[in-house]
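**Q** Following the hints, position chain B against chain A.
Residue numbers (the numbering used here), protein chains in the order written: chain A, 1 to 479; chain B, 480 to 799.
Any given hint might turn out to be false.
Claimed, not checked - In the EDC-like style, the derived pairs of lysine to aspartate or glutamate whose C-alpha atoms are separated by at most 20 Å in a straight line are:
1) LYS530(B) / GLU130(A)
2) LYS170(A) / GLU130(A)
3) LYS561(B) / GLU130(A)
4) LYS530(B) / ASP411(A)
5) LYS561(B) / ASP581(B)
Note that these hints are calculated values from the structure, not bench results. This structure is a prediction, so every number in the text was calculated from the model and none was measured.
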Amino acid sequence: MKQIKTILLILVITVFYSSCEDSFLSPELETGINADNYFKNDAEIEAGVLNIYDGIQGVNQLQITNNNFNHGVQVEFYLTEMRSDNTETKSNEGEAAQFEFFNVEATNGLVDDYYRSYYNVIFRANLVLENLGTASATKSPVFEGEAKFLRAYSYFNLVRLFGDVPLVDKLISPLDKQTAFTRVASTQIYDLIVSDLQTAISNLDDNGPNDRGSKAAAEGILAKVYLTLGRYSEAQTLLESIMNPSRGFALESNFKDVFYNEGNDEVLFAIGFLPDSRLNSQSFSAEWLNAVGRTSGVNYASLDAKTVLDANGGNRTQYSYREDQAQAGKYQVVKYLPDGDTNLGIAPTSADPRSAGNDWVVLRYADILLMHVEAIMAGGASTTSTNAISSFQKVRDRAGLTTAVTSISEDELLLERRVELAFENHRFFDLLRFGKAQDVFSAYSAANGLGYSSTDLLLPIPQREINIGNGQLSQNPGY
Amino acid sequence: MKIKNSKFGLIALFVIFLSLVYSCEENNLPEIGSVEDLTPPEANFSATANKGDWQTIEFSNQSVSATTFAWEFGDGNSSTDKEPFNKYAAEGTYNVTLTASDNNGVTSKFTSSVDVVKPAVVVIPDPKLINADFVKTAKSSGSDCACSGWINKSLGDQGESSSGNGSDVVKFDNNEPDHIYQEFEVTPNADYTITIITQFKPSAGGTYASQLNMRILAGSGYTSGYTPVYYTATDAFPQDGYGYASIAQVEDATNNLLNETLNNPGDDSYLSNTYTFNAGNNTSVAFFMRGVGGDSSVGNFGYTSGDEEIRLDSVTITAN
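Here chain A stands alone, though its shape is the one from the complex:
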């Protein structure tokens, strides 16, 4: 009996003791996946890496119609191409038209969408970087390289669009408002971008598909970062590394194939999309058509762009824009058609144009060659260097413009970039990098009655972000 009492006592104590443990009140979640129990092996961390690409890809808003989702790269053209002299909305109205009129408001939902999308991408990259400890020794550097490549790519876009922005290079808690809402000088942002890309260059190779980060993609983006920072010689070294024939990159002989023969040797990096897939297709191709997407038509070629392409595009012109069959005098972009064009010999890329599979080309070899010219010009007004001319001539030859060039001025290079890379979201950044944005936009604005002033070169920090920042986050001038 006494023995039984003692056992009971022990039992009681045991029950009492175990009830005091944490896990009793907050047990481990064993059935679902969560951040604490995931990322335990290579396969799970690779899923985390794909999740970063998924963030850039964004949600197809024609398939999943909740506006609160992030649309990533699918709304980038609004902030870049439509805020330049290249494109405009078809009807010149609505929130989307704020860009073409240079009257973007801090409450613009598309700006907000882009900003939160790319901070979400950065979060996803940081999530991978903080879980590298459980990856195998062979895969860990690759995961690190891809995550840092994508984080740098995101920051490079943010810093060029918004100027000084918050620097988040680790996972932060919701209470860390200091990090989330303190704008950091763009020089510091660029330090992170450069170091991330250098890591990516040493950790990655070129063996994967071109919709994954690679050594060449990281070298190319870093070259553009260096050009932006005026570090021309470092840019040239990277570009010549990519241009070494052993790397296997080349111009497609037919300009059309750059966009309609995916996985070609010209594209160094693209954001991949899958046709007719609810989760992995894109909507921007449909939005660029006449009332196929949710808009009546956006990112239509401006008359200015049409005129310049007609005069300087060579055989690129027909694959850059076409007249809208449903509305004469309006011009659509041809580079990412979802439903094809029989006149141009372009087959549809998806059964449903509202779930298009056209990849978004981020970096291609023609850009590399023209950056090579830019690196040699090194901020000067012109160049006669045979090295520069050789790269320049390759791009022009492909376009059927085979007259030998003997010198290249800065304006000629900018023009060549405009017609070669039209509607690929380069124009705004090119003008900024060349220091020509003020000149070109003032003149374009005056000629078309738009509202440009120099403070429009930076977008507003989204008002939603400023509101939740409790006064810590300052707005850009002019908003």
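**A** Frame of chain A, contents of chain B only:
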């Protein structure tokens, strides 16, 4: 009484005046419903020179909460545009003042100096080669040589002194691994023209016909960590242990900005040949020349000249 009255009146008037002043102050209190101006204008601007015209300065207006603007450009010109530009007549530093006002009449002034500078005209200088006429002169050690300033003993034996074409010349002796090597400064990506004046002895008709191999070697291929030094006196040049350290590096195609091999022209007079090269992404390159065509198993460098002597009178390199 009258006077008194008038005095009293004056005093009364004074009191009234005082109270008027007082009441005026009372009236300075804000009106019902008015709020303090929390957003006074703040003038600010930045200036950049137009890329095509250095005299024209473009002003970017970064003022906050302002509606009208008055600019003084410091050269007597002014403007009331929001974002004006001004063409300055001459180089100099100008104090530019922006006065920004809002519709309450509150103003803010900002002054900043603007430098108007004529950009330097870029002239690509001709490279400076030392002893490019191959005059027999002093070395840092050893006897005088036409090859002074042109020796890198990791790459071959030194060229020999000889004469011809009315002056001293350097000779690549037959069946020997003779070479010349000198580093010089270049402008990155500039194009240059090389002229060499050479002579081949008539063909000996044997197995090994001499050829002259000339290369321009990229500075990017120098031994890691090496910084080139451009000596001006022939007796200051080192003779080994600098720049390129092996023939393997020299023969690596990625290091060659130019690689030309001349055959015996069958004419033993001094002939001029011209070539061009682009400096690429280098601030320094090296000129390298040697005789080849001989038995490569002879000597320590994996190459020798063939059966005929070759002479070099001069090397001239100019910017295009």
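**Q** Given the hinted pair LYS561(B) and ASP581(B), is their alpha-carbon gap at most 20 Å?
**A** 13 Å, holds
**Q** Regarding the pair LYS170(A) and GLU130(A), is the alpha-carbon distance no greater than 20 Å?
**A** Distance ~7 Å between LYS170(A) and GLU130(A) Cα, so the pair holds.
**Q** Holds or violated: LYS561(B) and GLU130(A), Cα atoms, limit 20 Å.
**A** 49 Å, violated
**Q** Between LYS530(B) and ASP411(A), does the CA-CA distance stay at or below 20 Å?
**A** Distance ~10 Å between LYS530(B) and ASP411(A) Cα, so the pair holds.
**Q** Within a Cα-Cα threshold of 20 Å, do LYS530(B) and GLU130(A) meet the stated pairing?
**A** 45 Å, violated
The structure does not agree with the numbered hints 1, 3 stated previously, though it agrees with the rest.
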